[in-house]
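Peer 1: From first to last, the protein sequence lines are chains E and S.
Start counting the first sequence at -4; every next residue gets the next number (the numbering used here).
Start counting the second sequence at 285; every next residue gets the next number (the numbering used here).
Keep in mind that the hints were calculated from the coordinates and are not lab data.
Any given hint could be a false lead.
DEER-style ranges, computed between Cβ atoms [unchecked claim]:
| id | chain 1 | residue 1 | chain 2 | residue 2 | range |
| --- | --- | --- | --- | --- | --- |
| 1 | E | Met382 | S | Thr350 | 43 to 49 Å |
| 2 | E | Met382 | S | Trp403 | 53 to 59 Å |
| 3 | E | Asn355 | S | Pro410 | 39 to 45 Å |
| 4 | S | Asp319 | E | Asp207 | 41 to 47 Å |
| 5 | S | Lys377 | E | Asn267 | 17 to 23 Å |
| 6 | E | Val402 | S | Leu361 | 35 to 41 Å |
| 7 | S | Thr326 | E | Ser301 | 34 to 40 Å |
| 8 | S | Pro301 | E | Val171 | 56 to 62 Å |
| 9 | E | Ser301 | S | Leu361 | 41 to 47 Å |
| 10 | S | Val308 | E | Ala154 | 53 to 59 Å |
| 11 | E | Gly404 | S | Glu379 | 37 to 43 Å |
| 12 | S | Glu379 | E | Trp406 | 43 to 49 Å |
| 13 | E | Thr303 | S | Ala329 | 26 to 32 Å |
| 14 | S | Thr467 | E | Trp364 | 41 to 47 Å |
Only part of the chain E face toward chain S is listed, based on derived beta-carbon distances under 8 Å [as the list claims (entries may be wrong)]:
| id | residue |
| --- | --- |
| 15 | Glu174 |
| 16 | Ser178 |
| 17 | Arg270 |
| 18 | Thr307 |
| 19 | Phe310 |
| 20 | Ala311 |
| 21 | His313 |
| 22 | Gly319 |
| 23 | Thr360 |
| 24 | Trp364 |
Which stretches of chain S does chain E cover? Using the computed rule of at least three CB atoms under 8 Å from a CB of chain E, they are [what the hints assert, rightly or not]:
| id | region |
| --- | --- |
| 25 | 328 to 342 |
| 26 | 359 to 371 |
| 27 | 375 to 389 |
| 28 | 425 to 432 |
| 29 | 441 to 449 |
A quick note: this is a predicted structure, and the numbers were derived from the prediction, not measured.
C-beta atoms are modelled at their ideal positions from N, C-alpha and C, and glycine is treated no differently.
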Amino acid sequence: MKNLPSAVFMLVIIASLPVSAQFRFVPYDGVPQDVGGSGEALTDIDFARFPGMARCMCDEAGFDPTLYLAVYYDGQLEDTDVYFYLGNDCDSDAVAIDEQCHQLAVINLSDFNRTQVLEIPINYLVDPQEGVCSEYDSGSSTVYAFVGDKNGAATATYAITYDTKAPGPPEEVAAVPGEDGVSISWSPPESGGQEVDYYAVLCMTIDGSPVDGVSDEAPWNDTVGICGAEITVDGTSVTASTSVERCPEGGVQEGAQPSSCHVCAVVTGTSNSVRISGLENGRGYVFGVVAVDDMLNASVISATVSATPEPTTDFAEHYRQSGGSASGDYCFVATAVFGDIDSPPVKVLRMFRDRYLLTNGPGRTFVAWYYANGRSWARWVEGNTFMRIAAAIPLILVTPFVAILLVLGLWGTALLLFSAVYFLRTRRISR
Amino acid sequence: MIATLVATLMLSQFYSPISWYTEVKAGSYYPGIDDEFGGSATPYADIFGDSGRPAYRISFEYRLLTGFGSLYGGVGLGFFHASGNALADDGSKSEDETGLWVMPAALRVSYRMDMFYTWWGLPLVPYVRAGLLYAPWWITDSDGSVADWGDGSGSARGATSGWEAALGLSLLLDVFEPESARTMDHEWGINHTYVFAEYNHMVLDGFGSDGTLILSDDHWFFGLAMEY
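Only chain E is shown next, with the shape it has when bound in the complex (with noise of 0.2 Å):
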C-alpha cells in the first residue's frame, strides 16, 4: 500500500463468452436471489464499473469489496470436483497454479443441481496472487474451471478486465469572470486524455465553502458513494473514517482528490470550456477541471484559478438605460382591468404565465403573441368604462380557476372537477 496513489481505485471488468458452454457465468453485485441474497445481475457497463464500486483502497480500509459471480453448469451431474481458480494462464503447465493463481472455490458438480456462487475478492482481480493493490493499472485476470484435475486443461475459462486508471488533470485551467457566474476553460490532460468520458468543474467560495445551489452529484464512483465512507489518502497512508463526509476539509485544491460536493458542471469530453451560473457578484470563488474516464476513474484536481463574479450589462438592460421602450413583461389587459400591477388577479395571472405559459414552447409562442398585442388591447381597454367591465368579467371568472389550478396543481384540479362533475351528477340522479 506505500506506493498507493492519492487518486482512486478503478476498475473495469469485461466479461467474454465462455470456453465451454455446459458452464455459464453470470455476474452479480452481491449474492443472487436464487441463492437466498438480494444482488442483482448487473448490466454490461454495470459489470464493466463495478470493480470501481469496490476499489481496493475499500478493501484496503477494512471493507470488503466483492464481485458474485454466478455459476450455471448444465452439463451431466458427478461425483467430480470442479476446481476455480482466479489468475493468468492458469491452465499452463509453465505456470505453477497454487503460487501463482488465486483459487476462489472447490465446488463438486453434483453441487450444480442449483447456483454456484463465487466470490471475486477485487483485490485479487488486481493482484491474483497476493491480492495487493498497489498501483493504478489496467490489465485482465481469468476465471478458470478445471474438471476434475486442477493441473490439467481448464473446462471453461471467463475474462475479466479491469481499468484503475484514471487520466491525468486538466491542464491551462483559466477563468473568466462575468455576471453571476464564471466561465471556465481548460485543455485536455497530457496522459489519458483521449479515455475522457466527462469533465467536472469544481468551484468553492473562497474561503473553501461549497456553493449552495450549484454543487452537484459526483459523475465519477466517489468512496463514499463505493465504500459509505471518506477515504482520505495522506502521502503513503489510507485511511477510512466511518463517518459520511462528503465535504473534507481542504476543499478544491490542486492535486487532491475531487470530492462531490464541489461539483459545479459536469460537460462531455469533447468540450473545454463551460459557464458556471448562479454565483454571486462580488464574492471571490475557487475552481478546479477535473477528467473522468468512461470507467469513472477521476482524475485528481488540476491546478485551481480564482475569480470573482462582476455585473454586467445585456443587450436588454443596454437598450433599456438608452431609452429603449420596447414592452417588457406585463399582463398589459389584466393590469389596465384591475388598474394595478400588484393586485392579486394580476398577481394570479402573472403565475400562471410564469409557471404554465413559459415552461412549454406553444406556451411561450402564446406569451410572445400576447405581449406583441397586448399593450394596444390594454390601452383600448383602459380609456374606455363599458370595454373595462366587459373584460373584467371573463378574468373574474378566469381568475379563482387559475387560483385553484396553481394551489392544487394539473392532477389535484381535474380530480377536483372530476370530483364536482360526479356529485353533480349523482345529485341529479337520485332526484
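Since the structure of chain E is already known, use the hints to place chain S on it.
Peer 2: Structure of chain S alone, referenced to chain E:
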C-alpha cells in the same frame, strides 16, 4: 447559344403541372433597433456591431392563378440570431455573451412573371412579393436564458408585427442541364429549379406603434427555389 435556346424552347413545352413553389434563402440582416433612438444611442451596434448578420428564410407558396404570369400565396418562416459580448461597468466588452433571436413568420403573395420563359424560352423570372410579418423575438443573457430588461419590467421577449415587399429576379437552372431537369420533373415532379436574388424591404415596427422593438431592414436575399 442557339443550342441553349432550342433546349429551353423544348423544355418549355414539356413539364408537369405546377402547384407549389418553395424557396430557401439567406441574406445579411441588420435589424433597425437603433432607429428608435434617432442617432442618440446605438445599443444594438454597441453590443452586436454595425454590420449585418446572416438571416435565413424558408417559404412555401401555392399557385393561385396563372395566365399572364403566376400568382402565388403562401407562408414563410425565418431565423436570425446575433450574439455579442455584454458590456462591463466601464463600457468595455466583457466575456459574457448576450444574444438577440428573431423568428419572423410571413403571410404573403407573390407575382412571378414566368410568361417570358413560356413564350420565348427566356430563363429569367422577375417577381414581386408583398406580405405581412409577425416576428417573435427574445433577448438572452450570459447563461442563455431570456434576459430581464433590468428595470423590473419583466422578461425581454415579445413580438413585432409589420410588412414586407420584395423585388427579385430568378434564373432558371433547367437550361443548363435540360436532361437533368427533365428527369427531375419526370421522377420527382419538380418542374423548375431557380437561383434568385431579391431585394427585400422589411418594415417591422408594429405598424408604427410605440413600445415596439423595431426590426426593420432593407437587405438582399439570395437563394434556391423550386416549382413542383
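Peer 1: Which constraints among the numbered hints does this structure fail? Numbers only, ascending.
Peer 2: none
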